[in-house]
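Enquirer: Let's have the full structure, built from the sequences with the hints guiding it.
Protein chains in written order, with the numbering used here: chain U, 1 to 445; chain L, 1001 to 1613.
Watch out, some of these pointers could steer you wrong.
What the hints assert, rightly or not - Here are some, though not all, of the chain L residues that point toward chain U, as calculated from beta-carbon distances under 10 Å: (1) 1406; (2) 1448; (3) 1449; (4) 1546; (5) 1548; (6) 1554; (7) 1555; (8) 1556; (9) 1557; (10) 1559.
What the hints contain is simulated information worked out from the structure, not anything from laboratory work. Note that this is a predicted model, so its numbers are computed, not measured. All residues carry an ideal CB built from backbone N, CA and C; glycine is no exception.
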Amino acid sequence: MSDINPQTAWQPFEPSKQQPWTTQRAAHLLRRCGFGGTIAEISQAKNAGPTKSVAQLFQSTDDSKIEKEMLQAGRLVTGGVDSNALASWWLLRMIKTPSPFLEKMTLFWHGHFATGGEKVKDSRAMFRQNQLLRKYALAKFEPFVKNISRDVAMLIYLDSEENRKTRPNENYARELMELFCLGVGNYTETDIKEVARCFTGCEIRKNAFAFNEYQHDNKMKTVFGETGNFDSTAAIEIVLKQKAAPLFIAKKLIRYFVFDDQPISNQLAQPIADSLRKNHFEIGPAVRQILSSKLFYSEHSIGKKIKSPVELAIGFLRFFEASTNINQLSQQLVSLGQLPLYPPNVKGWPGGRKWINASTILARANLIAGILKNPKTKYRDGNLEEWVQSHSQFQSDSLQWAEDYLFAVPLSAETKSAFQQTNPSNREPERILSWLSALPEFQLC
Amino acid sequence: MYPKSKSRLNLYQLPLAGLQIRYLVILIALGITGPTVSGQQHTKDAAEFLPPSTALYVHAAKPAALIDTIENHEIVTHVLELEPVQKLMRSPQFAMFMLGKGLLETNIESSVIDALKTNMAGGLWLGLDAESGGAIVIFKSSDEAKLKRTIGQVLKFAATTAMGDGDQVPFKKQEYRDAVAADFGNNMLIARYQSWFMLSNKSGLVKKVIDNMHDETNSPLSDQNWFKQAIANRSDSDIWATLDLDAIRKKSGRGGNIFTGRTDNPGVELIFGGMLDALKHSPVATASVNIQEDIDFSIAAPFRTEWADEARDYFFGKDLEGRAPLVLQPKNMIASLTSHRDIGKWWLSKEDLYAENVIAQLAQADSQLSTIFSGMDFGEDVLGSLQPGIQVVIAENKYDEKYQPDIRLPAFALIGKLKDPKKLTRKLKIAFQSLIGFANINLGMSGQPQLEVETENLGDTKILASSYYYEDGTEEGLILFNFGPTIAFKGSNIVVSSTKDFAIELTKLMKTDAQGQSPSELEPNNTRIKIDGQMLHKILTDNIESLVVQNMLEEGNDREEARSQMDLVLLIADLFKEVGIDYDVTSAEMKLDLTIRFDDVSESKSSSTNRDE
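Expert: This is the structure we're talking about:
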């Protein structure tokens, strides 16, 4: 990554002879800012060009019908303590939504403000948090943090149902700075203790956030050098004023959208951090800058991320305009370690190369094979053969078709040769797709 | 690169869901060119040819009449007119099926239905062989020449279709003792001997049948004592079947199956436990099906008093004479189960009924429940306070006008009689209050509305009713299911109900004498279950939104598809008027009768499935 120039990395990408706007780049945009487009969506993005395609992501989509349906469905699946049905509901929403970018951002914030259903044991609280994440996904970060700090599911997850002045709960204060706003090394133990005092009096009562003024520490506190009788709102404002805050969020956004597993220097992230600060910590403009940048469409980014299990499954289903048994899909995602609403811990899913190991590589292939074999999987209301028959390129040249639309990187000569050596009588669509989805290249995004 | 999909009609791959189409086509085809003469020559029964190891024998003596009944049944006519079925019939898959059928009919020069009605005149049989695991379908034509010609036509058709698709002829012709056969591989073989036709998954089984057709000295199924005893009591039914339980038990072994007389599921034990004793001891079971306006299914097995396990006294009653309490019929009842069960005795006998792991779980539950019930022993003091005989009633629920819950569960109640109402009523009232208090602690901890208990006396009925307390305007988001646990006492009757209204309605249906005692009115059976089709339909309609969401998650359907599928379920549910199950046991026999009564479909159904309602 040393050859990335921080000065030019975030300049707008403009197609050129050397770096044309291709189907692969259009597909890359849709993979990163959603779960991957359909062939029609990729073609549409290809024709629209990068600027218009990115702009369209930020235009509001008329999803009032699905929003209404999903709200009603969400209410109906949140009858019990088990959030499994709610996880299925969210997966269904990811498949059906006309705004995949918004769901992708919601998934990002779910990993950022990680909250686990197995501990919260209140699916309605998880549902409300999920709605909150969606509402603020591209909005201003400060009110977002203030609201998440009052979110019932979050407070239960971080053992902050009670925070008394005689015994301030440092758990939430620590995570607020370490995981949500600043990152390790950008605060002191004293800051944690002082911020915890600001949060005293914050409680859950009647299944909702409540402020108990009698339990609030009304004495002076000193947070990051500022002294006053601060409450939780003031504490969040002071935390977000720190120089490290926009840089921390910028790095997380870059890691989510641009590449995994590479160190991101302050120098590289600073322009995005500056954008956040300039726009009063509004997330949308910073994400837009990332998605429009030279770096985003460069070889440093394309194919340099590993699909998370959710991206793998939802991307596959959305690409084929398919639907399947979502409850079964949820179970399969459990074995791959990424059932939404059940992050492994407060740090969320580590992502990157951690998704791949000896057991998950087989399980990922089985996930797609399972979807393909599932009799409940429907492809645009028909079967796979009918879907394939309406896409002549798949029939005439499956490999080229896959490279154009399904894969983030070109297939190796060895892979192509191996495919040519397979018995043509075995080239039924299901077998082809099972074979393709088991390739290492298919795991890249 | 990708091989083009086969556009030619391949009769053996017709996509008709759920049917083994190859079997069906061959059966239909062979039935088609049967005799049109009415004279029947079936002097022999297939039982005279089936091997002695046959464990299941099924016989339809008059298949033609049965087809006639089904074809003309008003429910079948109604179902075929339903829009979802009509839609299916307009699908390309159904068109393919009809094309295949049409080709067959052209070859055979007869319609399928007419041919089926006039063929199989000699009877239709199904046998399952315990020794080989093979299944065989046999039917008899009274015109050997036509049967022979039909087989030839079917085989020719199959060969032509396969070769047209570039495949090999899908069968190998074989001969065995004057019988001709075609082996299709994949465990499918058809054979003809004289006017008998056979279809099986095991060639060895077909050979045994053909051997028996030749050699009358062999010992077939009809010579077996168990079969002779079973068929001696054969009823005059459309379909009759008998099962050699001894053979099945030997085949299945002794470990971990239903023939050991045990189940690890407490619910299954409570409802069906006694039947396990029959499965453990009875040598044979018989079944009959009659299809007229209603469908009647009956299954019976010989039984002896000494076969009843001592631990199942709770189930059978003394000398097998336990009878279910007379079922209460509240307004808008959806389902009821009434049975002779001494649940106190059942709980105390659990160590003799279940495996160790289940006993451990029940013991743990016993301890926790005793705590909840204020130190009363759950088995001896709580369940033991009830006389034998309990019933469960489910009915439509009433909803608060100002709050309509998202999930509309029906009202339900458990009804029993106290052994000593004077002594026990107050103790149980205290136990109920403790139970609500315990629930309130948990509800309060999770921020849920809590239950408020009210006491009310209505004549000779004492009621303790609980209801959720929530402030006006805070209903949004609460899922209360219209649930308010209630306990009511009337004479010796006790009702534990999901709502106060339902408890009151049930107690009004109960009688007490001048001394406040309840007369013991009993059903003639040990267990009786009733399901009202129309009310079930209504409760499904009430919860359609929840069912649609479940369908979306299970089937991956979008909302409109899910709604469409659930509408079909509603339409099907709407066909049933009542489903009844009667279970009875005597010192000679154990019997279970299932009756399905259909609704009068001549009335318009459209209003009941209107989405806008």
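Enquirer: So, for every hint listed, does it hold in this structure?
Expert: A quick look at each hint next to the structure:
1. 1406: 5 Å, holds
2. 1448: Given a least distance of 7 Å, the restraint on residue 1448 of chain L holds.
3. 1449: Given a least distance of 9 Å, the restraint on residue 1449 of chain L holds.
4. 1546: Because about 5 Å separates residue 1546 of chain L from the closest Cβ in chain U, which is inside the 10 Å limit, the hint holds.
5. 1548: 8 Å, holds
6. 1554: 6 Å, holds
7. 1555: It holds, given that the least Cβ distance between residue 1555 of chain L and chain U is near 6 Å, below 10 Å.
8. 1556: At 3 Å from the nearest chain U Cβ, residue 1556 of chain L passes the 10 Å test, so the hint holds.
9. 1557: 6 Å, holds
10. 1559: 5 Å, holds
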